[in-house]
Amino acid sequence: MALIDLSRKEVHCKIVYYGPGRGGKTTNLLYIYNAMNSNVRGKMLTIETKGDRTLFFDLLPLNLGKVNGFDVRIQLYTVPGQTIYEATRKLVLKGVDGVVFVADSLRVRREKNIESFNDLKKNLVDYGLNIEEIPLVLQYNKRDLAKSAIPTLTVEELESDLNSELKAKAFEATATKGIGVFETLKEISKDTIRYVVKKHLLADI
Amino acid sequence: MNDLVLTAPVLEEARQQIENALIKAGVHTVLLIDDAGNVVANCGKDVQRFDTTALAALAAANFGATSEIARLIGEDDFSLLFHKGKKDSIHFARVGPRLILVTIFGDEVALGLVRLRVAQLTKTIEKIFGLES
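Protein chains in written order, with this note's numbering: chain A, 771 to 975; chain B, 3 to 135.
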């Protein structure tokens, strides 16, 4: 649910990073926060975390410049990935305009990826949204581990588990090193802005 | 859920009403936010003091979390929330199905007055935004 302020010529969109616990959602936001210039990003808000887990959500506001005279502001949110925080996850998803699904490449996390993806679909439906319509980008994180001895999923396996029907745009990433982070952000921002702008005919895109 | 489109006359009218009902009564900051955590309007001389983006996101999340608590005890929703601080206190009230009015005030303003004014203002804002049921 974007907010369009015609008096100040601003568009506010909400993008949520979704995915299983310890998959790298917060790491994505932290990398973006550290890499971006302070005049385009706001303060990063992280709510009390227990160890390295997100308990409620993280928030990073960004100013993406102008589209047809409108200032575009996006807010990046993460959800807590652990299964038990279902109610919180659903809350954060309220009013979402675009979703990045961060999947974990570790083989042991295969079931968790699928479980989280199904949970996303269900929660979107509860808000009257359809995963096939809402802007969605997949990110296969921790690809650096594919070269190590740790058992990982291949990109083909991840695609067949999560993206066989949707055919959403997917990026390989290593969020700790920033690989794939900005590619993902760029794609989801573009899709989300296009989606909102088109819906309100603010411009012909 | 539809997007919220704000026009200058609607915003101006809402700001004016907030100013008359609350700011003139001594309240120092008022934020009107939506339930996704976006700031719709802000009023008051102290507004620069706060990170309004974070405040709006947390206030919306706080309201959402409390709604879940309401459901657990068999209520549909709590229509208002109040947190008392040593110096400043904060009052949250639902405005229609989509908006939340956040009022921050010092100990020189009585809670009763804030509650009364917010209750009246809520109806006015619902009308301005066409949210009345």
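Quick caveat, the hints were computed from the structure, so don't treat them as lab data.
The C-beta atom is built at its ideal place from N, Cα and C for all residues, glycine as well.
Check each hint, because a few of them may be wrong.
[To be verified] Restricting the straight-line Cα-Cα distance to at most 25 Å, the calculated cross-link-like pairs of lysine-lysine (DSS-like) are:
| # | chain 1 | residue 1 | chain 2 | residue 2 |
| --- | --- | --- | --- | --- |
| 1 | A | 836 | A | 860 |
| 2 | A | 779 | B | 86 |
| 3 | B | 129 | A | 779 |
[As the list claims (entries may be wrong)] If you anchor each label on the Cβ, the simulated ranges turn out as follows:
| # | chain 1 | residue 1 | chain 2 | residue 2 | range |
| --- | --- | --- | --- | --- | --- |
| 4 | A | 970 | B | 122 | 29 to 37 Å |
| 5 | B | 122 | A | 777 | 22 to 30 Å |
| 6 | B | 121 | A | 934 | 51 to 59 Å |
| 7 | B | 76 | A | 946 | 43 to 51 Å |
| 8 | B | 86 | A | 921 | 27 to 35 Å |
| 9 | A | 837 | B | 132 | 52 to 60 Å |
Hints and how they fare:
Annotation: proposed proximity of residue 836 of chain A to residue 860 of chain A is violated, straight-line Cα distance about 31 Å (limit 25 Å). Taking the CA atoms of residue 779 of chain A and residue 86 of chain B, the gap is near 36 Å; set against the 25 Å cutoff, the hint is violated. Simply put, residue 129 of chain B and residue 779 of chain A have alpha-carbon atoms about 23 Å apart, close enough for the 25 Å limit, and the pair holds. For the hinted restraint 29 to 37 Å between residue 970 of chain A and residue 122 of chain B, the CB-CB distance of approximately 33 Å keeps it satisfied.
Taken as a hint, the range 22 to 30 Å holds for the pair residue 122 of chain B and residue 777 of chain A, whose Cβ atoms sit roughly 25 Å apart. Taking 51 to 59 Å as the suggested C-beta distance range, the pair residue 121 of chain B and residue 934 of chain A conforms, at roughly 53 Å. Checked against the hint of 43 to 51 Å, the pair residue 76 of chain B and residue 946 of chain A passes, with Cβ atoms roughly 45 Å apart. The hint said 27 to 35 Å for the Cβ distance between residue 86 of chain B and residue 921 of chain A, and at roughly 53 Å that hint is violated.
At about 27 Å, the CB distance of residue 837 of chain A to residue 132 of chain B disagrees with the hint of 52 to 60 Å.
Hints 1, 2, 8 and 9, counting from the list given before, are not met by this structure.
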